[in-house]
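Visitor: Residue-level listing of the chains:
Number of protein chains: 2
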Amino acid sequence: MPKRMLRVNMNKLEAKFEDFPQDYMALGGRSLTSTIVANEVPPLCHPLGPNNKLVFAPGIVTGTSAPTSGRISVGAKSPLTGGIKEANAGTTFAQRLARLQIAAIILEGKHEGSDYYLLKITNDGVELINANKWSGKGLYQVYKDLYKEFGAKVSVSSCGIAAEILGTASGVCFNDPEGLPSRYAGRGGLGAVMASKGLKFVVVDDAGAPGVEIKNPEVFKKGAKKLTDALTSHDVTKPGGALNTYGTGVLVNIINEAGGLPQRNFSSGQDDRSENLSGEKKAEEIKKRGGVRPHFCSPGCVIQCSEVWTKPGGKDPVGVLEYESVWALGANCSIYNLDDVGELNRACNDLGLDTIEMGATIAVAMEGGLIEFGDAKGALKLMEEIRKKTPTGRILANGTGFTGKAMGVTRVPVVKNQALPAYDPRAIKGIGVTYATTPMGADHTAGYAIATEIMGVGGTADPRDPKLKAELSRNLQFATAVIDATGYCLFTAFAVLDIPEGLEGMVESVNGVLGINLTVNDIAGLGKSIIDTEIKFNKAAGFTNADDRLPEFLLKEPLPPHNGVFDVPDEDLDSVF
Amino acid sequence: MPKRMLRVNMNKLEAKFEDFPQDYMALGGRSLTSTIVANEVPPLCHPLGPNNKLVFAPGIVTGTSAPTSGRISVGAKSPLTGGIKEANAGTTFAQRLARLQIAAIILEGKHEGSDYYLLKITNDGVELINANKWSGKGLYQVYKDLYKEFGAKVSVSSCGIAAEILGTASGVCFNDPEGLPSRYAGRGGLGAVMASKGLKFVVVDDAGAPGVEIKNPEVFKKGAKKLTDALTSHDVTKPGGALNTYGTGVLVNIINEAGGLPQRNFSSGQDDRSENLSGEKKAEEIKKRGGVRPHFCSPGCVIQCSEVWTKPGGKDPVGVLEYESVWALGANCSIYNLDDVGELNRACNDLGLDTIEMGATIAVAMEGGLIEFGDAKGALKLMEEIRKKTPTGRILANGTGFTGKAMGVTRVPVVKNQALPAYDPRAIKGIGVTYATTPMGADHTAGYAIATEIMGVGGTADPRDPKLKAELSRNLQFATAVIDATGYCLFTAFAVLDIPEGLEGMVESVNGVLGINLTVNDIAGLGKSIIDTEIKFNKAAGFTNADDRLPEFLLKEPLPPHNGVFDVPDEDLDSVF
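Chains as they are written, first to last, in our numbering: chain Z, 1 to 577; chain P, 1 to 577.
These are calculated hints, taken from the structure and not from any lab test. A couple of the hints might just be wrong.
One copy or two, either will do: identical chains are not told apart, so a pair holds if it fits within one copy or between any two.
Straight-line Cα separation of at most 25 angstroms, PhoX-like style, residue types lysine-lysine; simulated pairs [said to hold, decoys possible]:
#1 Lys556 to Lys238
#2 Lys377 to Lys389
#3 Lys556 to Lys12
#4 Lys12 to Lys120
#5 Lys110 to Lys556
#6 Lys388 to Lys556
#7 Lys16 to Lys110
Extracted from the complex, chain Z is given alone in its bound form (with noise of 0.2 angstroms):
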């Protein structure tokens, strides 16, 4: 069976499938979905009407025994942004309906009606189904039913209450192995297209699926071998080394020390209490309490940073911690308890929202009165507001910027209207150079300046220094821009970034699926034209170098303890791309 596109009309309420178009033959997970978006949405159209499309893209290599490959990119306008968004996932959903050699789904139209649908995809065909009684729900308890309905051997997409009122800061849900609703494409509100219009949940099974054809096996072996040898070999994702042993919260008490742990929303970049929320604390307690550490997020991952956080006695597991996570609704909202934060996580699976976007957002609303900074019960009242869909919860469901507006406040870190992430730009420059010229808005993993900045991976540069960064962060985009389409976990980059021949057998590995020949020197070309399509729409929806600016407190105010403003000149901004 050749590969095909899976398109929804949610106006007819009809899924077709169609030739995969032979433009789109080398294109995968964001470059799929990337491409998608650009061709077929119109810039101006309403992010949240008819005219957007929400598109599923596996990677490249998605489906095979290539290692740590088990993404998914979604990709629509995004009504958080108002410019292109991919966000992408790990989890067996990817693997699934790529097995099913699915390429994309494509959502479009809008159900005129109230009712809300589930997509279920086998390998004898697909169907929409009226999902009215899982809709309304936490989904940890939907996915329970769902499981329980549809069996244990299928895969969950998902969005959430908090996408159902089209908050701006939901995110589209999957599973994890243990079947929870914790693996999230969560940047940039695309949970709130998918509610839209009117598509709740996409259930796949894969059952007699077909598998990915690998054009040229003996290339493909021969490349994922290669890789898989970088992976169990460099010391950031080795098994036992630091990706494996503690999970990205590792981070937590390298960033503070090196003073861009942002706390208190954006107004100090270290404080001695985060080392309660570190992933060696975390890791400690994983261990005492029964959960598990270390974990996959989906099947064939040689890293496996991930975990199950649950409560004391192993009970109600929540699904992995990310460091983002845990700084977000911890750090920056100065609660440091891990049970807090793992609550406030759990809140936000259950209602479909992005834990980034809602930790500011949290901080945000701290800073404006509506609760004390620190105030965790409070915090998760705030989060049941969302449930109940108060003004109050549609007012934190769209996002730290909306809240900002909301509340009068106007230290507000957001770039494009999307939070920034767990780095502050003014003690680690790079990133900021990310956030601030990324299309997706503020979005560490579109150009993750960190791994040379404060890991040496790929080279060294001082994180304080403004210069040379606008380069830095350019060379991993376009990198991160490739990743993204191979359907290859990000933090694949740690070891291909280092060890030549990994990268060498990244590259293998594509050509052995599409039966092609790209080289190395392929990458960065291939990434520019992933980035330049995304940025033309941006540019047609109406971006320009204002939007590639960090907020103006970022720029004025200094962060202690290093003092430092975000000092890279606008010239440099706008020389990376």
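On the provided structure of chain Z, position chain P as indicated by the hints.
Guide: Same frame as chain Z, but now just chain P:
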């Protein structure tokens, strides 16, 4: 005494006079506010932070005996649109400021504490007084208290409770001749800029003021006379003419008849019940109740389109109910009762809100299900939410676009995030070109194509024909920018567009005051230079052609009864400037 500028720094709580720069000598009103904002405000600053500035400037001939010239311009970077803003009002405040030879007040910085201040300006000097006791209260009572405190012969500018919560639907308020808080530079959230700095009130006492210097009294007198003759002979502006007899509300029946009076959140252009809101009906009621009609907003007006609307029995005067307000708070919300509209208008005045923005906001809230269409009592309760500063109030106080996002509504009538006024661009297309292209955000006064398309002033044009509307809008926008600089009321345009001697007189009166030699042929170039300054600011703030578009629904949803859509091509819109 030569003209001067008053610079008020709210960080230092310091108000100092400065020489009026030679470069600015020929500027006033909008040309002065826009020039100062362009020269002094960083385009990317936070509009509610310390780096924005709020500028008050009376027009060039304001304070003289020139007819119908009591306008004051207020300018800043708008927190509603993110672009440059000028809004103006007719009020004795303008005249007193001009007679004190104050060409501009420049309000800058931001008071760091939580106190509010009152700026008192007399011929003897200026003073900042703590104003906490007059804050957090409705403006009708506060204006009574202020007139008691400062005497009847002062003028008062203010911002209201909506501005205290930094609501971007808040306007800058001025007194009418009765001392009511009813004359607004309403649009663009300028009230929030004022409140953000810690200033709540400006009180101007012009006792002993030197008066406006007139460089060439002969030329001035001759010009003023010619303009007065035009105003008193044109059908629209003459005593006993349309505006004098019925006020701006004379348009209700006319625009409804044309199918362009938006009903029920822009879902129809006509409703028989609109007659209940007409200027004819209102004039009759005012007579019955013992209100005032005709009436001037400031002495020296020969048109006198204003009025004092009251409750039955002549009680509780509101001030004027303009056509725009009656439409916004009436027909657009399916409310067809003048008493209801009067109370909603009172609430807007009392809270410091733009009636156009609030009417559009309430209609969007109705569409989002917060209350039912037509529910006047419910609408009044919503206004009380703003007074109580509740989360619902904070949503509404931020205007139409914001409320649309909070409520998940996609039929949201805004351009540059500012609500569309009372003419549907699907039925009257030239005004749609103005909405789309003016640097101000959707604003009918920026280039009032209705004059030609509906009233046959300055020529005629078929309102439903998309052709040649770019040219019509451009010419009107240039002329309007100049009128907004002179201090003449925009309504003088009805006469001067049709009567060449009137236009000559207008130019001569300006020549007389300034001692210069402009001709009628200079007007377009002067207007262009003002708008160029504004567009340059907006470009630096990140605006592009994509911002010069009407919202998608106006291009897609036909408007009953004529079932047209807005079909002026994008190329025509882009050809305006």
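Visitor: Output the indices of the hints that this structure fails to meet, ascending.
Guide: Numbers 1 and 6 - these are the hints that the structure violates, sorted from lowest upward.
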